[in-house]
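Listed below, chain by chain, are the residues.
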Amino acid sequence: MMKTDFRREPLYIAILAGLLILGFFLPSWLRFLLQTAMAGGLVAVGVSLQMRAGLVNFGQGLYYALGGYAVGMLAAQAGITDIFLLLIAAVVVSTVAGVILGLLLSRYREIFYAMLSLAVSMILYGLLVKAAWLGSTDGFNIPSLSYLGWTPSRAVRPDVYYITTAILTVLACLATARYLTSGAGMLCEAVAENEIRLEYLGANPRKVAFIVIVVAAALSGLGGGLLAMSTGHVDPLMTNWTTSGGFVFVALLAGRGSTIAPMIGFFLLELVRNYALDLAPNAWQMILGAVMLMVILLLPEGLWSLVERRRKA
Amino acid sequence: MSDPILVTENLEKRFGGVVAASEISLSLYPGETVAVIGSNGAGKTTFVNMVTGYLKPSSGTIRFRGRDITGSSPRKTAQAGIRRSFQISQIFPQLTALENMMMAEIAAADGKGGLRATALTDTRMKTGRAVLDRFGLSQHADARVGTLPQGVKKQLDIAMAAIDDPALILLDEPTSGVSVDEKIEMMERVIEPLKADDATLLFIEHDMDIVTRFAERTVAFYEGKILSDGPTAEVLADTEVRRYVIGGVHA
Amino acid sequence: MLKFTAIMLDGMNYAAWLFLVAVGLTLIYGVMRILNIAHGAFYAIGAYVCASALGVFYAAGLPGALAFAVMGVVALVAGVIVGLAVERGVLRFLYGRDEVLMVLVTYALFLILEDAVKLIWGVESYFVYQPYAYFGFIEINGLPYQVYDLMIVALAIVLGIALWFWLERSRMGRMTTAVVADREISAAMGINVTRIFATTFAIGTVFAVIGGVVTAPKISVTPGIGAEVIILAFAVVVVGGLGSIPGAAIGALFAGYARAMSVHLAPAYELFAIYAVMAVVLAIRPHGLFARASGRKI
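Protein chains in written order, with this note's numbering: chain X, 1 to 313; chain G, 1001 to 1251; chain C, 2001 to 2298.
No wet-lab data here; the hints were simulated from the structure. If you're wondering where the values come from, they're calculated on a predicted model, not measured in any experiment. Some hints could be false.
[Stated by the list, open to error] Among the chain X residues that face chain G by a calculated CB cut under 7 Å, a handful are:
{"no.": "1", "residue": "Glu199"}
{"no.": "2", "residue": "Leu201"}
{"no.": "3", "residue": "Gly202"}
Glycine is no exception: its CB is placed at the ideal position from the N, C-alpha and C atoms.
The whole structure should be built from the sequences, with the hints applied where relevant.
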């Protein structure tokens, strides 16, 4: 049997879809948390995908921010408020960035990739912070958005945005599952394990790495766009190392077993953070760090491995 | 005799002042099984490395099936139809044997644009199992290969090299690290499926029993040059080969 | 002419600072193969401990000259304690594990230490400018130049040479070089690799702490200085080649002068100067200037 049979993914994604449908009826603050968690969850999935190939991206927030700012800038400054156009733009912008950075960074592995990805994301951070016309550290707000001409009224807006996020999230997960069962997706693990073998079989490990970087960028850009839409606001923190660290944390914790694992993981993270920031605002990172250490020491395959072990038993 | 499948002409490899190999001219014919012998540093692995693209020859040419592949990358030579196994088996340690075979198949398909298609199919798993079966590795299909014994790892390495029916397979010391009583059995288990595909086989070996038993032709290397090249029995009886390579009387 | 002098001096200052901040990182990686992201937190701890110690010192009305002795002692003590605590307490259980895993571990430690600093010292800024002003300034080509900055440059040079000497000449230093070359064979030859690791990590930490200690009098000590520094240290170490101490020195010089030139000639691009250098170097030598040649894998 395959260690992880990604052909089973659509089943898990169906579970996720079910959860999101139920989520529609949650109290509004919790549903909003779920909504923003889906956006961030997509980024965590992107980090998780790259991790399978041995690439730890400590700066995935770069694409998250690019997607968000693309939506924000087009809406607030170019007056384009159509959601479809905006989200397509978010994905296009982040994918282009992914292609450029992928070409530059796909030769690097392991710690080099980690360092360079962190550095690049902080360059963007510095740029955004210095850009007074983009609101500097405060960022800026986004006007209300429309759907092919129809602007939802205030009352319906939260529902409409939630449904949009839920549908697009599920579609993105399905696309990811398709990617994972493709040759490029499957070879990621082989790249992490033994690039030499791949080359001597006629494959191109660098191409495999490039593809996973671009796929992750696209997912993260969509996540950023969805976040911008949901919160009506963007700011440079999206690309800060603390935000990127959160995605790494979730990807590590969730393990590589399924695309929905990082999604659920990110939701739990946001939920816990919601309470922790009230109780102990200066200990949140410490808690994250401590949990990370414990997971590394005790469950190197992440928490999802517990699910897998029970299934095998 | 049909056209040679591999022709090297005056291959030479220098590393600064050190000449690792020189004047290597030889032709391999389809269906042959050739053994390459020589003491360590004689140039055997350098030769294999040049043919498989790991090293760029300092001078000389390599033609495979009529095409000049001198200096091609490992990837290009693999795509052309040359595969190899390694002294230290190059496998995917955290994956199962079945997954290793599937990865090998997908990788071999990369050269033909195989990355976009769905790769995780029942057909592929069936083919993978079939290959494992042919090489006597079925019982390890679901085991993480990193934990398997050395001999099994080498068999797997060779099985992966055989994916996609390559025309030329080079085995670098296939039985090194395998215990003496298991060597012959292991060679039989890999040679048989390889020969069944009518591939041309070249293997580097130190054990003369294996050489005698499995190779009809032997090439002896010494100090970077070919010392002798011909039918195995003749080469092994050659006085110079006995003096410089085998070392005197060999049982 | 004035601009030229300014660039020369600023470049030297910045290079010295970058070297102090980056050399510990590259040393630890070179010997232990661990990319220590917590390095940034060690720097921050150095700055905070210095600020606190000097706060107490000046409050007690002790003579200004002794402040420097205090700084030195503080750097050594804090560095050794923190370094050994982290190495013996966490890292030693994870030796031999995947390099990427170690990065995640040091990243987790960074998160923990950042908050520990916030919990101990709070989020307000600390100022302890007295040592910076103590020796006053001299004039070079009409430009005022703080003697303190000159002392930092001298310190960087002295420590750099001392480190090089230690690695080349002292017994433990040479054993450390052996471990860098091949850990297994060193152990097989009787070198106590555990002790080398602990010592190296302590030295690397002390360097990071020294960086923080000497910088404290020049800045307002706030949370976040650790994160800023680790990114810069990465850039220097990537340019110089991971594990190479001369590389760290050259990388620091390149980066320091790049920034100085940018600040005085093209201020808008200041942020990019260092990364531009990094990009150019990586384009020519993908693994840095003095990267270790990797051996044959097959």
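Verification of the supplied hints:
no., hint, verdict
1, Glu199, "holds (5 Å)"
2, Leu201, "holds (4 Å)"
3, Gly202, "holds (4 Å)"
Figure legend: structure checked against the earlier numbered hints; every hint is met.
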